[in-house]
Every structure is written in C-alpha cells, then in structure tokens.
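Engineer: What follows is each chain in one-letter form.
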Amino acid sequence: MNKHTKQLSKFLSTGFVTLIYIFLYLPIAIIVFFSFNTSKLNVVFQGFTLKWYGVMFQNGDLMSALKNTAIVAVSSVIISIFIGTLAAIGMFRYQFRGKGIVDSFLYIPIVIPEIVMGISLLAFYHILNINLGLTTLILAHVTFSMPYVVVTVRSRLSGYDMSLEEAAMDLGATRLHTLRRITLPIIAPGILAGAMLALTLSLDDVIVSFFTTGVDSVTLPIYIFNKVKTGVSPDINALITLIILVTLLIMLFIRNLEARNSNKGQA
Amino acid sequence: MSSTTTAPAVLRPEANTPKKRMPLSQLVPLLLMVGPVVLWLLIFVAAPLMYVFVISFMKKGTYGGVVMSFNFENYLRIFDPLYLRIFLVSIIIATATTLLCLILGYPFAYIIARASKRNKGILLSLIMLPFWTNSLIRTYGWIILLRTNGTFNTLLASANLISHPLQMLYTNGAVMVGMVYTLFPFMVLPLYSSIEKLDRCLLEAANDLGAKPRRTFWRVTLPLTVPGIFAGCIQVFIPTLGYFFISDLLGGGNSVLVGNLIRNQFLAARDWPFGAALSILLIVFTIVLMRVYKHFGGSLENIT
Amino acid sequence: MAQVPEKVMVELRNVHKSYGENKVVKNLNLQILEGEFLTMLGPSGCGKTTTLRMIAGFEDVTAGEVVIEGENVVNMPPYQRNVNTVFQNYALFPHMNVYDNIAFGLTEKKVNKEEIRQRVGEMLSLVQMNGYEKRMPSQMSGGQKQRVAIARALVNRPKVLLLDEPLGALDLKLRKQMQVELKHLQRQLGITFIYVTHDQEESLTMSDRIAVMNNGVLEQIGSPDMIYNRPATKFVADFIGESNILEASVESVEGDKLKVIFETGGAEVSASGFKQDEMVYISVRPEKLKCSTEAVPGFNLRGIVKEHIYVGSISKTIIELPNGQDLKMSLLTGTPLLPQGAAVWVYWEKADTVVLHTQEESLYNLIGQVPKFGVSV
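Listed in order, the protein sequences are those of chains A, B and C.
So the first sequence is numbered by this note's numbering: it starts at 1 and just counts up by one.
So the second sequence is numbered by this note's numbering: it starts at 268 and just counts up by one.
So the third sequence is numbered by this note's numbering: it starts at 572 and just counts up by one.
Each hint should be verified, as a subset may be incorrect.
[Said to hold, decoys possible] With a straight-line Cα cutoff of 25 Å, these simulated DSS-like cross-link-like pairs (lysine-lysine) come out: (1) Lys387(B) x Lys10(A); (2) Lys877(C) x Lys887(C); (3) Lys730(C) x Lys754(C); (4) Lys479(B) x Lys3(A); (5) Lys859(C) x Lys899(C); (6) Lys6(A) x Lys387(B); (7) Lys6(A) x Lys479(B); (8) Lys10(A) x Lys229(A).
[Unchecked claim] Derived Cβ-Cβ restraints for the label pairs, each shown as a range: (9) Asn256(A) x Ile345(B): 52 to 58 Å; (10) Val44(A) x Ile389(B): 30 to 36 Å; (11) Lys681(C) x Val493(B): 53 to 59 Å; (12) Glu636(C) x Arg180(A): 30 to 36 Å; (13) Asn427(B) x Asn256(A): 46 to 52 Å; (14) Thr230(A) x Asn427(B): 29 to 35 Å; (15) Thr230(A) x Leu309(B): 39 to 45 Å.
[Claimed, not checked] Negatives, chain A to chain C, calculated, CB over 10 Å: (16) Leu12; (17) Leu24; (18) Phe48; (19) Ala70; (20) Ser163; (21) Asp170; (22) Thr174; (23) Val215; (24) Leu249.
The set of hints was computed from the structure by calculation and includes no laboratory data.
The beta-carbon is built from N, C-alpha and C at its ideal position, and this holds for glycine as well.
Full structure from sequences and hints, please.
Structural biologist: The structure is reproduced here in structure tokens:
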C-alpha cells in the first residue's frame with residue numbers, strides 16, 4: 001500500500017468513525033440543546049435561557065423520580081456486589097456437584113429477554129400479594145445485575161494465585177482473615193469493574209423497571225415514559241443534561257484512577 | 268468451554284479431589300459463599316419462570332385474574348394469523364436490525380481495535396458514555412429529531428429540500444433506527460473484543476505467505492472473529508424482540524411487535540395467561556437460538 | 572549431624588494420601604529430628620511435595636498421623652500449626668510492601684508495633700535485605716523475593732521451617748549461593764528445616780539427612796554419605812549420582828562373603844543378608860570402577876575399552892562388556908588412559924560394592940522393619 005492509499009484509507013476510517021459517533025450522540029445532543037430553549041416545546045429554538053435548570057428542582061415528581069432512581073441504583077449495586085463477589089470466589093475456589101447447573105442458571109438472566117424477566121417478576125409479586133414499590137424494584141435490579149457481577153469478578157479471578165491464600169494461612173490467618181486481608185484487596189479491581197457494570201445496568205434499565213415499579217416508586221425512565229405521551233417539558237431536558245455531565249465527570253475520574261493505578265505497579 | 272476449571276491443580280489443591288463428600292470445614296464456607304446466589308436464583312428467577320409457565324396453561328378470569336383451569340387455548344391462539352403476522356414482522360425487524368448493526372459495527376470495531384493504545388481507551392469510553400443515560404431518554408431524543416415538526420424536518424424545510432414534512436416518526440423505519448441505535452454497542456463490544464484479541468503475528472504470517480491485505484482480511488481476520496460476530500448478533504437479535512418501548516415510542520400504534528403484544532396482555536388487555544404463553548414462546552425461541560449459537564461454536568463467555 | 576539428645580520434632584506415622592483411586596503417598600513412616608536439615612528428595616510425582624503440604628496442613632491426610640512436637644495435628648488447620656512454609660513461587664502478597672509482608676504473621680498474632688518493628692528489622696538483617704522495607708514485590712528480583720519469603724516465614728520463630736523447592740526458579744549461580752546461605756542460616760538458628768527438592772546435588776550439599784522418595788514410597792533415609800555410598804535400593808543407586816548396575820545371581824554365601832555370577836563373569840563381594848541363588852543388583856560408582864590389563868584376583872569380568880568422553884575435569888571411559896552392556900569409569904583428567912579397543916579386566920575395591928535386592932517395593936514396606944543399613948542416626 002503506498003502512501004496515498006494509506007492516507008485515503010485513514011481519511012475514510014476517521015470519517016466513518018466520526019459519522020457513527022455523530023449518530024450515537026445526535027439524540028443526546030438535541031436534548032441538551034433544547035434544555036436551553038426558552039420555548040416550552042421541544043420544537044423550535046426560540047431563545048437561550050438557563051431557567052429550566054432552576055425549574056427542574058421545583059418539579060416535585062421529577063425530583064422524586066430522580067431520588068428513586070438513585071436509591072434503587074445504589075442499593076441494588078451494593079447487594080449485587082456483596083452476593084456476587086462471594087459467589088464468584090466460592091465458585092472459583094471450590095469444586096462441587098451441581099456447579100455446572102448453578103453456572104447455567106446464572107446465565108439465564110443474562111440471556112433471557114428483559115421483558116420475560118419483567119413479567120415473570122410481576123406475576124410472581126402478584127401471586128405473593130407483594131405490593132409493587134421500591135423494594136420490589138430493588139430486588140428486580142439485583143436479579144439482573146448479580147449474574148453480570150459474578151461473571152465479571154470470576155473472569156478477573158482466573159489469574160489469581162491460590163498459594164497466596166495458603167501463605168496467609170501458613171502465617172496464622174484464619175480463613176476469614178485471609179479473605180479480608182488478602183483475597184478481597186487483590187481482587188478489588190475486578191469487584192470495582194463488576195460494580196460499574198451493575199450500576200450501568202441499573203441506571204439504563206427500562207423494561208424490568210416498567211413491570212416492577214409501583215405508583216409511588218416511579219423512577220426516572222418511567223416518569224419520562226409517562227410524560228412522553230402528554231408532553232415533555234424542558235426541565236427534564238435540563239436534568240438529563242446534568243446527568244450526562246455528571247456521568248462524564250465520573251468516567252473521567254475513573255479513567256484517571258485506572259491510569260494512576262497502573263503506574264503504581266500493582267499486580 | 269466451561270470457564271470454571273481454569274486454575275491448574277498445583278494452585279488449587281481441591282481440584283484433584285473427586286466428588287466424594289466434602290469435609291465440613293470446606294462445606295460450610297462453600298455454602299456461605301455460593302448459597303446466597305443459589306437462593307436468589309431460585310426465588311427470583313426459577314420460581315417466577317415456573318409460575319409463568321404454569322399460568323400459560325390457565326384461563327383468563329373475568330376481571331383480569333387467573334382462573335385455574337388447564338387448557339392449551341393460549342398456545343393455539345398464537346396461530347391466529349393476526350399474531351403470526353406480528354411474529355413475522357418482529358423477526359424481520361430483528362434480523363434487519365442485527366444485519367445493520369453488524370454492517371456498521373464491524374468496520375467500526377475494527378478501526379477502533381487498530382487504533383493506538385491511548386486512543387482506544389477514549390474511543391471505547393465514548394461508546395459507553397451514552398449508556399449511562401437511560402436508553403429511554405435517548406429514544407426520546409429520536410422523537411424530537413424525527414417527528415413531523417421535529418429537527419430533521421425543520422432543517423430540511425429550511426434548506427428548501429422538501430415542500431411538506433416527511434413522515435418519519437410512527438413508522439417501522441423509525442423503530443428500526445431506534446433499535447439499531449440502542450443495540451449498536453451490544454454488537455460493537457463483542458466484536459471489538461474478538462478483533463482485539465487477534466494475534467498480530469497471524470496477520471504478519473499471512474502477509475509473509477503472500478496474501479495481500481484484503482485477502483488477509485477475508486481468509487484470516489474474518490474467520491477468526493466469527494465468535495465475536497456470533498456473540499454480537501445474539502446480543503442484538505434477542506433483545507430486539509422484547510424492546511417494546513422503542514416500538515411504542517417510535518412506532519406508535521402502527522408498530523406492534525412481540526414485545527408490545529406481551530406488554531399489552533399484562534397491562535391493557537389483562538390477559539395474563541396469554542401473555543405468559545407468548546413469553547414462554549419467546550423463551551423457547553431464545554433457547555433454540557442459543558442452541559444454534561452454541562452449535563456453531565459460540566460460548567457463553569463472549570456474552571458479557 | 573543431629574545433636575544429642577535427639578528429640579523427634581515431626582513424625583509421620585503410617586501416612587497414606589490418595590486422590591480418589593490415585594495413591595500418592597503410601598504408608599509413610601518418617602521421623603524428623605530437632606535441629607536437623609532433612610531433605611525429601613525424589614523425581615516429580617514421588618509424593619515429596621504432597622508430604623510437605625500434609626505437614627503444613629494444606630492437604631488432608633487420607634490415613635495416618637502427623638505428629639508435631641508430640642501432638643497429632645491431622646485435624647488442625649495450617650494457621651494453628653507451629654510450622655511455616657517457604658513457597659516455590661514465593662507467594663509474596665502483591666498488594667503489600669516488604670515490611671508488611673514480613674510482619675503479616677506477627678500482625679495476625681497481634682504482637683505490638685514496637686516488637687514487630689524490632690523483629691522485622693532483625694529478619695531483614697538476617698537475610699541481608701535492609702533498606703527494602705518499602706519495596707513492592709513487583710519491584711524485586713527472584714532472589715530478593717526469595718529472601719523476603721524466608722524472612723516472612725522465620726520472623727514467626729517456628730519450630731519447623733518447610734521449604735518447597737525454594738530455589739527452583741533461580742538461575743544456577745544464584746541457586747548455588749543461596750544453598751550455602753540457607754545452610755548457614757539453618758546452622759545459625761538451630762531450627763528444623765524440612766526441604767523438598769528434585770535436585771540430588773542440592774540435597775547432597777545441604778542436608779544432614781536425605782529421605783529419598785519414589786512413587787509415594789520412602790526408598791531410603793540416611794546421611795548424604797550413606798545415601799551416596801550405600802544406596803539401599805536400585806532406585807536410590809540410580810537416582811543419586813551415576814551408577815553402574817550389574818544384574819547377578821548369588822552363587823555361594825560364606826559368612827559375609829558372596830560369590831556372584833554376572834552374565835559375563837563373576838566376582839567376590841562383601842555383603843550380608845543375601846541367600847544363595849538370589850537375584851541381586853551390584854552397584855558400583857563410576858569413580859570407584861577400575862580396570863587393568865591383567866587379571867585381578869576375586870574378579871572375573873572382562874570388557875573392551877569402547878571410547879573416552881572428556882567432561883572437563885573428569886574423563887569418562889566407556890567399557891563394553893561381551894553382552895553389550897556399557898560400564899562407566901570416571902578418572903581425573905590427566906590420568907593415563909587405556910587405548911581404545913584394549914581388552915581389560917574390570918574390578919573395584921570390595922568395600923565399594925553395593926549389593927541390592929531386586930524387589931520392586933522398598934525394603935521398608937516389604938520387611939516392615941528397619942534393615943541393617945540405611946537406618947536413621
């Protein structure tokens with residue numbers, strides 16, 4: 001390949017990738033754009049204003065939905081991480097009868113269409129006469145997050161050296177102490193990755209939440225879904241813009257952290 | 268294929284122990300660690316699915332409850348041409364979405380995988396970033412863009428390219444755009460992972476043996492990334508069948524897919540048994556697809 | 572040599588270990604004395620590492636007892652046993668620096684900070700790693716990591732130190748240096764070292780006694796000198812150093828004098844415990860083999876000089892017997908060599924003969940009692 005062909009292909013590649021990224025960010029861009037619109041309708045840009053960023057906080061339902069989303073996300077992530085990490089370590093360390101079955105079962109929530117998971121939980125709650133609310137929502141989120149945590153942590157575990165645990169026990173640490181002082185600190189990056197994944201899944205979820213939310217525990221996506229039929233006011237756009245901003249900052253922060261960790265020369 | 272027995276026996280003394288009874292000192296920690304997950308799966312996955320299976324054979328009650336009388340009606344109803352048409356359209360849209368994602372996604376993943384180390388991280392993060400905003404919100408963005416008085420129409424009109432607004436929203440086309448948009452990362456990530464893992468030496472060997480870049484791609488790169496392609500396709504196709512909110516928001520009443528159908532049974536129509544039967548059908552379909560996937564060498568690890 | 576009085580520090584009584592159908596250690600009986608440097612030597616898969624791990628507590632015992640200082644520890648987890656292990660791959664905790672690694676056992680025992688500082692400092696001096704306190708394992712070489720691993724084990728003042736092929740990953744020069752250092756360390760501290768290796772040279776260099784294992788069975792236990800010059804079985808004769816092994820049958824027994832017949836000759840040797848017409852192995856080390864152009868009384872073994880191999884400070888002469896078997900004779904380079912093709916009589920000092928039974932199982936297991944030679948001090 002001569003120089004010209006290389007340049008051409010580089011140009012085409014960059015162009016293609018850029019177009020795709022534009023495609024990916026178009027809807028987001030338009031929402032952000034209209035968050036500054038003076039008009040109440042997301043139709044034509046009439047003037048620039050920041051008022052919606054203030055109005056947003058006065059929208060009780062919106063704030064309540066945001067709060068619910070946060071509560072559900074944090075709670076479900078904590079529970080999934082706890083249960084999932086323990087399971088990943090246990091499955092890595094021990095061989096037992098039925099391990100293959102547990103493994104297969106773990107993949108069901110991953111593979112199955114979300115709508116099936118949603119309606120099955122709805123039916124389940126119904127027959128047990130459990131009222132739909134934040135609790136049912138959190139339980140549902142844990143159910144679809146946890147397998148991802150197990151799989152993520154387990155894949156990070158594959159390089160783990162068991163002789164480290166033997167060394168710890170040899171030096172006097174009980175199994176619990178070994179877990180706390182040796183195992184967990186070493187697999188912490190894997191756990192963090194699992195947590196990030198669980199958080200993403202929870203924040204992004206629409207379908208399962210749709211079926212397992214109660215009237216009082218409306219989360220952000222459900223709130224917006226309902227509003228789309230009647231008309232979405234720009235204060236929602238403002239909130240979304242802020243969320244995107246926060247997400248961006250968190251992502252930069254994490255990347256910074258990762259970069260620093262790899263420089264420290266840790267295992 | 269199983270990822271569970273990777274550590275060599277030297278590192279894992281228990282690996283050599285046959286499946287005889289475990290000493291209590293090992294059984295207790297094992298139960299404590301794996302027990303919660305197993306319990307959770309039984310209660311929140313196995314039990315609900317079993318229940319759904321059971322009510323798929325039941326009748327709908329007058330006021331929307333479930334009447335316990337065993338019958339196959341729900342499954343027979345599925346063969347009604349009305350519903351068959353819905354399945355057909357759903358599968359067509361799912362297939363088209365998958366193909367589009369693949370055609371756009373493969374080159375995209377390829378280019379990123381070949382990028383410099385520094386850029387790779389940024390580019391990947393840029394794909395993941397939209398994810399953190401709920402997919403529903405992003406779908407709403409498409410409504411703003413595509414509707415009759417939406418951004419596209421406004422721009423096209425102001426550039427005098429059209430005389431009256433195009434009907435973009437509430438069409439199957441819009442639904443497809445929404446599906447491709449939402450599921451695109453699910454295609455890109457497995458593809459990227461598969462392409463990235465390619466040993467450069469293989470490509471150099473092919474070049475060394477006389478294959479020009481294009482031939483190398485067809486004869487070496489593509490075949491070796493087939494697992495990634497499979498994983499990506501599975502991860503796009505199956506969800507498409509269930510993403511009712513995209514067809515709801517972007518297709519309106521004009522687009523009823525399997526997902527919408529099921530949703531309606533559980534909400535408006537209050538025919539839970541029928542909805543259950545449809546769900547079971549969806550599950551069976553998923554299982555069949557997974558079997559096909561595994562038959563062609565797909566592995567569960569690629570799907571995450 | 573072990574000191575008097577000889578207290579038994581670790582004892583394995585009738586220890587068996589199986590993985591399902593696979594018997595890895597068979598009826599092992601072993602006594603390890605206080606303050607001795609004992610090496611368990613054998614090829615891969617002979618059970619030596621498994622035995623070490625059973626003493627440490629990482630493996631369960633299928634049957635038998637492991638007794639440490641008089642107490643049967645079979646049901647005791649590793650963290651309660653008063654032994655410490657040095658691992659082959661060092662097993663340093665990657666997320667802790669050198670100081671924290673070494674202090675680990677002490678922090679588990681809740682020793683106070685001042686004492687920890689003092690003891691860790693002592694250890695670092697002992698292994699010559701002063702100044703490395705803040706280093707992370709990923710920043711150190713193999714040899715350095717090994718020293719830290721040793722310090723980490725020793726700081727806990729165990730009665731017994733278990734070493735699982737600790738020098739296996741080091742290059743030759745470093746290995747030889749560490750062998751000497753470890754030996755000095757053991758002498759200095761006076762604690763029991765149980766050392767596992769497959770390198771027979773290493774074991775001969777470092778040990779007070781060597782326990783040779785093969786296929787889960789203890790072939791012989793004794794001082795390096797005993798093991799080398801008086802191997803009890805064909806395996807030991809073959810495994811340690813080089814050996815010439817001749818199959819023979821016993822023609823006659825007269826007190827402790829045996830007349831044996833080879834396929835191609837005969838000889839008179841000194842040994843006891845053998846019966847007439849018994850099949851035996853005669854083992855002679857290459858450096859003990861001699862040949863002459865004239866017949867030697869008491870020996871009737873003839874051969875032809877086949878070739879000479881030059882190995883630096885030693886020259887090996889290969890002598891071919893009429894039945895095709897080759898015997899190896901090693902001489903210091905410079906000693907006049909017999910010409911190729913010369914017909915020679917082969918002989919050796921009677922005292923250098925080793926006569927071995929041809930049974931497959933080790934003597935220990937067949938007879939059930941400790942035979943006359945190869946007995947522990």
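Engineer: Which hints from the list above does the structure break, by number from lowest to highest?
Structural biologist: 8, 20, 21, 22
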